[in-house]
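Trainee: Residues per chain, in single letters:
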Amino acid sequence: MNEANSVLRTFVWLIPFLPMLGSLLIAIGFVSCKNRGESGESQTTLIANGTAMLSLLIVLAVDVHAIVIDIPGYLNLAQWFSSGSYQVNLSFNLDTFALVMMTLVALISVLMIRFSVNYMHREAGYQRFFMIMNLFMGAMLLIVMSGNVVLTFTGWELAGVSSYLLIAYVYDRPIATQNATRVFITNRIGDAGFIIGIFLSFHLLNTLEWTEILNKADSLSPLGSNILAATFLLAAIAKSAQVPFAPWISRALEGPTPSSAIFYGSLMVHAGVYLMIRLQPVLENSPIIMSTLAFIGLLTVIYGVFSNLVQTDVKSNLIFSTTSQVGLMFFSCGMGWFELASWHLVLHAMWRAYQFLHAPAMMHLMVHKTRPVNPILKRQGWLYTASLQRFWLDPMADWLLVKPIKRMAHDIECFDEKVINRLVGLPEQTNAITSIADWEHQKNRTQTSADEKEQVTRAQGVAGKILEGLADMLFWFEEHLVLKSGGEGLLKLLNLIGHYLLQIEVLLSQPRYLMLLIIATFVVII
Amino acid sequence: MHSLTFLLLLPVIGATIISILPSQSTLIRKTAIITAALTLIYATSFILGFDTSSSAMQFSKIVPWNIRLGTSFALGIDGISFPMVLLATLLSFIAIIASCSITDHSKGYYLLMLLLEGAMLGVFMAQDWSLFYLFWELTLIPLFFLIDRWGGKRRSMASLNFVLYTMGGSVFMLLSLLVLFDATPGHSFAMDAMLEGARALPRETQVLIFLGFLVGFGVKMPIFPIHGWLPLAHVEAPSPVSILLSGILLKMGAYGLIRTAFMLPEAVLSLQTFLMVLALFSLIYGGLLAWRQSDLKGMIAYSSISHMGVVLLGIAALNMAGITGALMQMVAHGLVAGALFLLIGLLYERTHTREITDYRSLVKITPRFAIFISLAFIAAVGMPGTAGFIAELHVIIGAFEQWGWIVLLVSIGVMISAAYAARTMGRLFTGPAYSGSDRSLSHSNMNNISDLQPVELFAASILVFGFLYLGFFPGFALDLIHASATHFSQLFVAIK
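As you go down the protein sequences, you meet chains A and B in turn.
Numbers 1 to 526, taken from our numbering, label the letters of the first sequence in order.
Numbers 1 to 496, taken from our numbering, label the letters of the second sequence in order.
Treat the hints as calculated values from the structure; they're not laboratory data.
Take the hints with a grain of salt, since some may be wrong.
Capping the alpha-carbon separation at 25 Å, the derived lysine-lysine pairs in BS3-like fashion look like this [what the hints assert, rightly or not]:
hint : chain 1 : residue 1 : chain 2 : residue 2
1    : B       : Lys153    : A       : Lys484
2    : B       : Lys153    : A       : Lys492
3    : A       : Lys406    : A       : Lys418
4    : A       : Lys465    : A       : Lys418
5    : B       : Lys107    : B       : Lys153
6    : B       : Lys30     : B       : Lys107
Quick caveat, the model's predicted, so the values are computed rather than measured.
Same shape as in the complex, but just chain A:
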């Protein structure tokens, strides 16, 4: 028993680590020009498949261990870092649900990576694709396995980043990069919720381990548990594309199909549901959040269903039906049917992955013509428009958040250029010469400026102007008082005195004055 557990401890961390190692190896290979181009594809494939496969094998071994011997449960491998009473462990929580989820994630990921080998053949950025896929697999495994909030968040963020990178896979297309940024930023709103959640669980419960958070959930005050649940709810609905964050997921279809399948069809979109199911004890303590959850789920179902009815392409159809299915899962969570939600999650993930991969082939299988517009929508024109416009969620977000922020940013930039830069003395535009035209322009300007010598002692900005003013003042002082009257003036004075003395000398040497002097001396003596 103990022996098996120690073996488990030795190998369990490899499950999320191996795919990440694979992605690192691919990256190193690419940077050192080892696997570039078509000739490097086989090497890339080998690394990606190999590490993913190994990871899956370990997952299966853990599963066998769970079935034959015992469910491993909570494993604390090591301390990651600590500061005072704040302590983050490298811990894994391998309960039944986590085991099911990690098997699911590993299996789907391995299949998807294998599928992509042929699908991505001869695509530009082949290596990059597999690097990100492996990274995503590791991240997803980390989310479902980790025993504490911080580690989950690490996976959560890595998944977000890899999603960003894959949406912007064809980064030379402006739309792709634009969509990627939009998706990433929408996700960040949820991440903010997650971070506050981490803070609150440390602050209220003094722990970051999932097991302890859930055990102590009953001890929370109603307010505390409501806020804690609300922060994680925010994280979950952003990640799982629920209303009002729903529109990002249709933008995410920019990426290559296998990635859409794995990210938005089967795995990442369910991360929010997973989080909700994990937090079952906390949620059960806060009925308000539960009802909110159910309400959001319901709204999303409606949003998904109606938007779906007006879509005409396969991928959009699939994504909207995914949205509504995930909405249903949220609804079940909200109603307290967590068991149902978890079954739904697993089955839906499998089915949707298949559907997505099948989507490109579906066109060839379609024999009957496109469905006519749904009769309900036909009768209610406004509903049709609303569905077509996806309930104006995107323009609403633009109007409420994006535009005001952009305007504010513009104002601040103006302020920076017009006020701060001048105060500090920075040039209004950067000094760097970027083109020959710039260079010639600058050259002409310096030539026309009448007195270049003066420029050396000119300064910009408030501090610079003070410096300049003081320096000018002192320079005047130095020139006129110290140098002219001090140094040169002294010389002039000496010359003048010498001149007068010489004249007196000349006069004295004349006999009449000499006589006069002698007489004067006698007079004085007498």
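Dock chain B against chain A, hints included.
Mentor: Chain B in isolation, oriented as in the chain A frame:
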């Protein structure tokens, strides 16, 4: 022969040999270089026998000279004068190496340079005030001719101005010395004896005597407002002489002031605040005017005033950290100003312009110049890792212990120095190079400036290595001055 006397005579022997060589001989320069090198090596060899744990005079020798007048030929070195002796021999060597462009009457030039070195060594080693005064005045004679004969356009004005200012100051110094001589019981000029006599004087008399010394040494150092000779002399002097002027001649003033402070501690204590104000004013005044200059040598000349303000501030703090910083700053500024004048001088020889605006894009044309000048400017700012940082840090700590937050003004001085250093580096090294089409300007030769030659590279490397070494490993220099600095600071602890 007594070792220090021999050190003093070495440059004089070299000068004598040069004087009997034929005037067009190529041996002149070689003799001068060999003499300077030997002096440097011999001076360095004193490190072996120098006891860093003692603050007393070492290697000292006293020979009565004129018993009725109470003068004696007394030499010796301690932790304050020994670093100065090393600096003087090093910079003289560098200056003589860097003199390769002097071909006009080179015999007289090298002869005077060696005599100047001898006189400077005498100032730092003299243990008798009459001997000190003698060497002090002796430095003027070679310098007058060096500036007047080999200087720039306004050289006669500069040399005359220099001599007048220094002599004017010396008069006050002489007066103070004579008053002290009168007060000394045994009627002696020996530094020890005078020290006893001076400390016994009432406070008011001490203050008056100290003010006399302050004028005498302040002219040399220089302290605002008696610095009028400096900008002109530094700018007009030939570059190797500028190295000596700012590298060592200025330190003579500070050195004399420290010796006086030993003698008249009560006076220094009562004038402490006054000295601090003077120091801070010099510091900022010099910095601002350096920023205002468009002439490279003028800029370095004014920055010297600013840096010597730091030295005065360190002395005025009258504590361990302050005096340590002051002594370190003397060494650091000697090396940095020496390097700057050397490099700018070499640049001037090639381009015949000192205007900052005439230069641009040197980093492309002369990368070695660019690197060395940048390093020297960085050291002038007192960047960590250079000797100037160790010095300024000590001075700031010392001044903070004494006066508190007023040292913020020192930081302003440092910031101003950063402003002109960065401005100059930007002007000199960056920007587009002169193109062939700039016919209107006489800049056609600006694109073909030759880079540092091996000999020049060697000279510059020594100085740069020096201030970088002291910046990274200041332990050696701090050890050298530790005992004397402790002695100095304890003197004032005892009085307070």
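Trainee: If a hint holds in the structure, say so; if it does not, say that too.
Mentor: Here is what the structure says about each hint:
1. With a CA separation close to 17 Å, the supplied pair Lys153(B) and Lys484(A) stays within the 25 Å bound.
2. For the given pair, Lys153(B) sits about 19 Å from Lys492(A) by alpha-carbon distance, which is consistent with the 25 Å threshold.
3. Between Lys406(A) and Lys418(A), the direct Cα distance comes to roughly 18 Å. Compliance with the 25 Å bound is thereby established for this hinted pair.
4. Restraint check for Lys465(A) and Lys418(A): the C-alpha separation of about 17 Å stays at or below 25 Å, so the hint holds.
5. A hinted pair counts as satisfied when its Cα atoms are at most 25 Å apart, and Lys107(B) with Lys153(B) qualifies at roughly 22 Å.
6. With a C-alpha separation of about 11 Å, the suggested pairing of Lys30(B) with Lys107(B) holds against the 25 Å cut-off.
Hint check: no violations occur; every hint is consistent with the structure.
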